[in-house]
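Visitor: Take a look at the letters that make up each chain.
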Amino acid sequence: MQRRGDPNRNPVRNRFMLSDNDTLAKVDAVPTTTAYGDDHGRRNRTVRNLKVTAEATAKRMAWVSQINAVRDSKDRAAFAELFGYFAPRVKSFLMKSGASPDLAEECTQEVMATLWNKAHMFDPAKASVSTWIFTIARNRKIDLLRKQRRPEPEDLPWGPEASPDQADALGLAQETEQLGQALATLPAEQRKLIERAYFGELSHSEIAAETGLPLGTIKSRIRLALDRLRHAMK
Amino acid sequence: MMNDMKQIKHHLTEPLLMGYAAGTLPEAFNLVVATHITMCDDCRAALAGYDAVGGEIMLSNDAVTVAEDALAATMAMIDSGFGAENPAPVRTQNTVFPGPLQDYVKGDLDNLKWRKVGGGVSQMVLKTSRDASVRLLRIPAGTAMPDHGHRGTELTLVLQGAFMDEHDRFGAGDVEVANEDMHHTPVAEAGMDCICLAASDAPLRFNGIIPRLAQRFIGI
Numbered sequence: 001m002q003r004r005g006d007p008n009r010n011p012v013r014n015r016f017m018l019s020d021n022d023t024l025a026k027v028d029a030v031p032t033t034t035a036y037g038d039d040h041g042r043r044n045r046t047v048r049n050l051k052v053t054a055e056a057t058a059k060r061m062a063w064v065s066q067i068n069a070v071r072d073s074k075d076r077a078a079f080a081e082l083f084g085y086f087a088p089r090v091k092s093f094l095m096k097s098g099a100s101p102d103l104a105e106e107c108t109q110e111v112m113a114t115l116w117n118k119a120h121m122f123d124p125a126k127a128s129v130s131t132w133i134f135t136i137a138r139n140r141k142i143d144l145l146r147k148q149r150r151p152e153p154e155d156l157p158w159g160p161e162a163s164p165d166q167a168d169a170l171g172l173a174q175e176t177e178q179l180g181q182a183l184a185t186l187p188a189e190q191r192k193l194i195e196r197a198y199f200g201e202l203s204h205s206e207i208a209a210e211t212g213l214p215l216g217t218i219k220s221r222i223r224l225a226l227d228r229l230r231h232a233m234k
Numbered sequence: 235m236m237n238d239m240k241q242i243k244h245h246l247t248e249p250l251l252m253g254y255a256a257g258t259l260p261e262a263f264n265l266v267v268a269t270h271i272t273m274c275d276d277c278r279a280a281l282a283g284y285d286a287v288g289g290e291i292m293l294s295n296d297a298v299t300v301a302e303d304a305l306a307a308t309m310a311m312i313d314s315g316f317g318a319e320n321p322a323p324v325r326t327q328n329t330v331f332p333g334p335l336q337d338y339v340k341g342d343l344d345n346l347k348w349r350k351v352g353g354g355v356s357q358m359v360l361k362t363s364r365d366a367s368v369r370l371l372r373i374p375a376g377t378a379m380p381d382h383g384h385r386g387t388e389l390t391l392v393l394q395g396a397f398m399d400e401h402d403r404f405g406a407g408d409v410e411v412a413n414e415d416m417h418h419t420p421v422a423e424a425g426m427d428c429i430c431l432a433a434s435d436a437p438l439r440f441n442g443i444i445p446r447l448a449q450r451f452i453g454i
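Order-wise, the sequence lines are chains B and Y. The opening position of the first sequence corresponds to residue 1 in the working numbering, with each subsequent residue numbered one higher. The opening position of the second sequence corresponds to residue 235 in the working numbering, with each subsequent residue numbered one higher.
You may find that some hints are simply not true.
[What the hints assert, rightly or not] Some chain Y residues well away from chain B (every beta-carbon gap over 10 angstroms; in silico):
#1 V300
#2 V330
#3 L346
#4 G352
#5 T377
#6 A378
#7 A396
#8 E423
[To be verified] Calculated pairs, DSSO-like style, for lysine-lysine (alpha carbon to alpha carbon, straight line, at most 27 angstroms):
#9 B/K59 / B/K234
#10 B/K147 / B/K59
#11 B/K59 / B/K74
#12 Y/K243 / B/K234
#13 B/K118 / B/K192
#14 B/K51 / B/K126
#15 B/K234 / B/K96
#16 B/K51 / B/K192
#17 B/K118 / B/K147
#18 B/K147 / Y/K243
#19 Y/K243 / B/K126
#20 Y/K340 / B/K126
[To be verified] Computed footprint of chain B on chain Y; a stretch qualifies when at least three of its residues, placed anywhere within it, have a C-beta under 8 angstroms from a C-beta of chain B:
#21 248-257
#22 285-296
#23 387-394
#24 403-410
Honestly, the hints are just simulated from the structure, not real lab data. The C-beta atom is built at its ideal place from N, Cα and C for all residues, glycine as well.
Given the sequences, and given the hints that come with them, work out the whole structure.
Guide: Next up, the structure:
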């Protein structure tokens with residue numbers, strides 16, 4: 001049950017995927033990794049040229065379906081799929097952030113249990129699955145490792161959308177995938193610097209203002225959603 | 235407060251947003267960031283980008299082995315009713331303090347334990363972890379703060395009223411990020427008291443002998 005989340009083996013993913021074949025067909029199916037080298041001078045162009053494969057998007061949308069299955073029917077098989085993929089990565093992140101293996105293990109299990117408990121709050125149009133799980137892990141990290149409170153912004157009343165817009169969810173999944181690829185294709189030195197910032201090895205004054213990552217697309221999408229929300233609240 | 239949103243001109247810096255997303259800022263800075271984001275949709279959207287970076291870094295890690303019984307142990311934890319995280323704060327009353335700040339400030343403007351720090355200015359230090367400090371400042375309309383330079387970084391978020399310094403005007407929702415190079419003399423605009431939330435990761439440095447002496451006694 002703990003094999004990695006290969007979407008093709010996942011029984012719950014098809015519900016979503018079948019309904020979205022049309023949208024997915026528009027996604028460019030160009031392989032992503034090999035064609036883009038480490039040519040530093042062409043980095044910006046490289047980032048623009050990154051293509052998100054249908055396969056990569058399908059994998060991310062399968063995670064969405066798995067969380068929905070946990071939310072809707074307390075589906076333990078779907079949870080096991082998520083656990084198999086994410087728990088080892090959450091634990092790795094926590095260890096790189098300074099947790100001992102034992103503490104990281106305990107913390108990871110709490111993060112995954114929190115995922116189960118908060119599945120009803122997950123909205124794939126507002127955050128992709130990897131982002132959402134990261135924020136849970138980060139908050140546990142602050143609590144357990146740094147023993148600090150974590151002030152959070154006020155929650156917004158995102159409104160009575162019965163189901164999040166699937167086109168938004170898909171778009172965000174693609175943009176997040178693209179971000180992940182851009183991160184992977186950054187010059188090693190630059191990527192290392194960003195990683196060190198997230199592992200807590202840099203103070204805020206040592207963090208570079210320019211990441212070289214394409215954050216604008218995600219920011220614009222969320223900004224639009226916020227504008228719609230503000231409009232609806234008037 | 236929501237209506238002020240369009241007027242916000244001074245935002246958080248990218249490194250502060252990244253640090254907040256990474257969870258590596260001092261608690262005092264986190265409080266200023268969370269309060270500003272409550273007031274500012276631009277920075278809330280930008281934070282979503284930096285949260286996403288964190289998720290992708292997490293995914294790109296080499297996976298490590300989890301305990302053999304990890305899934306079973308987690309299911310047992312779930313079955314035993316392991317609690318959900320604290321819900322995000324909500325504003326409970328009509329006050330100048332946004333939700334995140336209400337967790338730290340019990341009361342409203344006029345029933346807080348303000349301490350005078352000279353020149354008509356009052357402050358109230360909030361309790362956070364010791365790696366940085368954060369305080370509320372109340373500057374009477376038209377009054378100047380002592381001229382001061384900075385060691386480290388100082389974040390000043392306006393909650394009510396406005397202040398001007400040599401460089402710019404800061405109104406409700408605006409955040410000023412000052413570093414070591416910056417010497418300035420903020421003056422509260424006429425009209426209403428200026429209420430600010432100010433965090434610093436080093437003691438402020440006042441220019442002039444009297445403020446320096448005073449600094450030892452009043453702790454700013």
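Visitor: Hint by hint, note whether the structure agrees.
Guide: Hint by hint, here is what the structure shows:
The non-interface label for Y/V300 is inconsistent with chain B: the shortest C-beta to C-beta separation is roughly 5 angstroms, within 10 angstroms. No Cβ of chain B comes within 10 angstroms of the Cβ of Y/V330; the nearest lies about 14 angstroms off, and the non-interface call holds. Taking the minimum C-beta to C-beta distance to chain B, about 18 angstroms, the non-interface status of Y/L346 holds against the 10 angstroms cut. For Y/G352, the shortest C-beta to C-beta distance to chain B comes to about 29 angstroms, beyond the 10 angstroms cut-off, and the non-interface label holds.
With 10 angstroms as the threshold on Cβ separation, the claim that Y/T377 sits away from chain B holds: the shortest Cβ distance comes to roughly 28 angstroms. Once the 10 angstroms rule is applied to beta carbons, Y/A378 is consistent with being away from chain B; the minimum gap is 28 angstroms. No beta-carbon of chain B is positioned within 10 angstroms of the beta-carbon of Y/A396; the least distance is around 22 angstroms. Consistency note on Y/E423: stated as away from chain B, and its beta-carbon is indeed over 10 angstroms from all of that chain's, at 26 angstroms minimum.
Of the pairs offered as hints, the one joining B/K59 and B/K234 is violated, with about 38 angstroms between alpha carbons and a cut-off of 27 angstroms exceeded. Distance restraint check for B/K147 and B/K59: the Cα-Cα separation of roughly 35 angstroms exceeds the 27 angstroms cut-off, and the hinted pair is therefore not satisfied. Proximity of B/K59 to B/K74 is assessed by CA-CA distance (about 21 angstroms); at most 27 angstroms being required, the pair is judged to hold. Between Y/K243 and B/K234 the alpha-carbon distance is near 22 angstroms, which keeps this suggested pair within the 27 angstroms criterion.
Annotation: proposed proximity of B/K118 to B/K192 is violated, straight-line Cα distance about 32 angstroms (limit 27 angstroms). For a cut-off of 27 angstroms, the pair hint linking B/K51 to B/K126 stands: about 22 angstroms separates their Cα positions. Distance hint between B/K234 and B/K96 is unfulfilled; the C-alpha atoms sit about 45 angstroms from each other, more than 27 angstroms. Restraint check for B/K51 and B/K192: satisfied, since their Cα atoms lie roughly 23 angstroms apart, inside the 27 angstroms limit.
Taking the CA atoms of B/K118 and B/K147, the gap is near 22 angstroms; set against the 27 angstroms cutoff, the hint holds. At roughly 34 angstroms between alpha-carbon atoms, B/K147 and Y/K243 are farther apart than 27 angstroms, so this suggested pair is violated. A hinted pair counts as satisfied when its Cα atoms are at most 27 angstroms apart, and Y/K243 with B/K126 qualifies at roughly 25 angstroms. Taken as a hint, the Y/K340 and B/K126 pair is broken in the structure, with Cα atoms around 32 angstroms apart against an allowance of 27 angstroms.
Counting residues of the region 248-257 of chain Y whose beta-carbon sits less than 8 angstroms from any beta-carbon of chain B gives 8, enough to reach three: the coverage restraint holds. Coverage of the region 285-296 of chain Y by chain B holds in this model, with 12 residues showing a Cβ closer than 8 angstroms to a Cβ of that chain against a need of three. Coverage of the region 387-394 of chain Y by chain B is violated in this model, with 1 residues showing a Cβ closer than 8 angstroms to a Cβ of that chain against a need of three. Given a C-beta distance limit of less than 8 angstroms, the hint that chain B covers the region 403-410 of chain Y is violated, as 0 residues qualify and 3 are needed.
Hint compliance for this structure: hints 1, 9, 10, 13, 15, 18, 20, 23, 24 are not met, and every other hint is.
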